[in-house]
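Student: Sequence:
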Amino acid sequence: STVSLKENFEYYQWKPLYAECSASPFSKQTENSEKRDGEETERKNDKGPPSRLPHKEDLCILLALHMENSPNCQEPICKYVGNKQKETNILKFFKTGMVICEANKPKRIITMDCSTKYLHAVPKALLRFPNALKGCEVYLSRMPCISCAKLLIQGQYQRYNTCN
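Quick note: to get our numbering, add 5 to the position in the sequence shown (first position is 1).
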């Protein structure tokens, strides 16, 4: 029965990029090189599609790092008044990506977010989903600041992981 299934369906196999290039008989290109704009560039041997991540936790950390590098993510600023003078000092915080997923085995992702100019990633997620995040797992691309760590403790998350 498997033979009949294979005959009825057309299978597409992944082919290396250099197999699709056409070379002229007069060029001195090798099998792993390609000529582009007058320059000859070497291609690395492709070994097929990328391998899957072994654990869902690795995927969540990778997504948190991706959210940190997204164009929507900005470094938050924080102003405080130092001593009794009217000078305001600006604290430097780094931009942070965040992924929140369920704690049970399939680990369905609930939200992915990043920090903005006036709001960190943790309070932003708490404002968006105030009651739905209890017992969830949080994945952050950086260690949280003190106020975000306090919010994580008060939010009753099951656990949180950082990428450090």
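Some hints could be false.
Below, computed lysine to any residue pairings styled on SDA-like, alpha-carbon distance capped at 25 Å [what the hints assert, rightly or not]:
1) Lys122 - Lys110
2) Lys61 - Asn74
3) Lys61 - Phe98
4) Lys112 - Lys139
5) Lys139 - Asn166
6) Lys110 - Ile151
7) Lys61 - Arg133
8) Lys122 - Lys61
9) Lys112 - Tyr162
10) Lys110 - Glu80
11) Lys129 - Phe99
12) Lys110 - Cys150
13) Lys110 - Leu124
14) Lys110 - Pro76
15) Lys112 - Tyr123
16) Lys122 - Phe99
17) Lys112 - Ile158
18) Lys110 - Leu157
19) Lys122 - Ala108
20) Lys61 - Lys112
21) Lys61 - Ala108
22) Lys112 - Asn166
23) Lys129 - Lys155
24) Lys112 - Lys122
25) Lys112 - Lys155
26) Lys129 - Leu68
27) Lys110 - Asp63
28) Lys61 - Glu107
29) Lys129 - Gly140
30) Lys155 - Asn166
31) Lys110 - Ser152
32) Lys112 - Pro128
33) Lys112 - Phe98
34) Lys122 - Asn109
35) Lys122 - Gly140
36) Lys122 - Leu138
Hints listed in this document are in silico derivations from the structure and should not be mistaken for laboratory results.
Student: Does each hint fit the structure? Answer for all of them.
Tutor: Right, here's what the structure says about each hint:
no., hint, verdict
1, Lys122 - Lys110, "34 Å, violated"
2, Lys61 - Asn74, "20 Å, holds"
3, Lys61 - Phe98, "28 Å, violated"
4, Lys112 - Lys139, "14 Å, holds"
5, Lys139 - Asn166, "16 Å, holds"
6, Lys110 - Ile151, "30 Å, violated"
7, Lys61 - Arg133, "24 Å, holds"
8, Lys122 - Lys61, "30 Å, violated"
9, Lys112 - Tyr162, "14 Å, holds"
10, Lys110 - Glu80, "33 Å, violated"
11, Lys129 - Phe99, "15 Å, holds"
12, Lys110 - Cys150, "29 Å, violated"
13, Lys110 - Leu124, "31 Å, violated"
14, Lys110 - Pro76, "31 Å, violated"
15, Lys112 - Tyr123, "30 Å, violated"
16, Lys122 - Phe99, "10 Å, holds"
17, Lys112 - Ile158, "20 Å, holds"
18, Lys110 - Leu157, "21 Å, holds"
19, Lys122 - Ala108, "30 Å, violated"
20, Lys61 - Lys112, "7 Å, holds"
21, Lys61 - Ala108, "11 Å, holds"
22, Lys112 - Asn166, "14 Å, holds"
23, Lys129 - Lys155, "14 Å, holds"
24, Lys112 - Lys122, "29 Å, violated"
25, Lys112 - Lys155, "24 Å, holds"
26, Lys129 - Leu68, "17 Å, holds"
27, Lys110 - Asp63, "14 Å, holds"
28, Lys61 - Glu107, "11 Å, holds"
29, Lys129 - Gly140, "18 Å, holds"
30, Lys155 - Asn166, "15 Å, holds"
31, Lys110 - Ser152, "30 Å, violated"
32, Lys112 - Pro128, "22 Å, holds"
33, Lys112 - Phe98, "29 Å, violated"
34, Lys122 - Asn109, "33 Å, violated"
35, Lys122 - Gly140, "28 Å, violated"
36, Lys122 - Leu138, "23 Å, holds"
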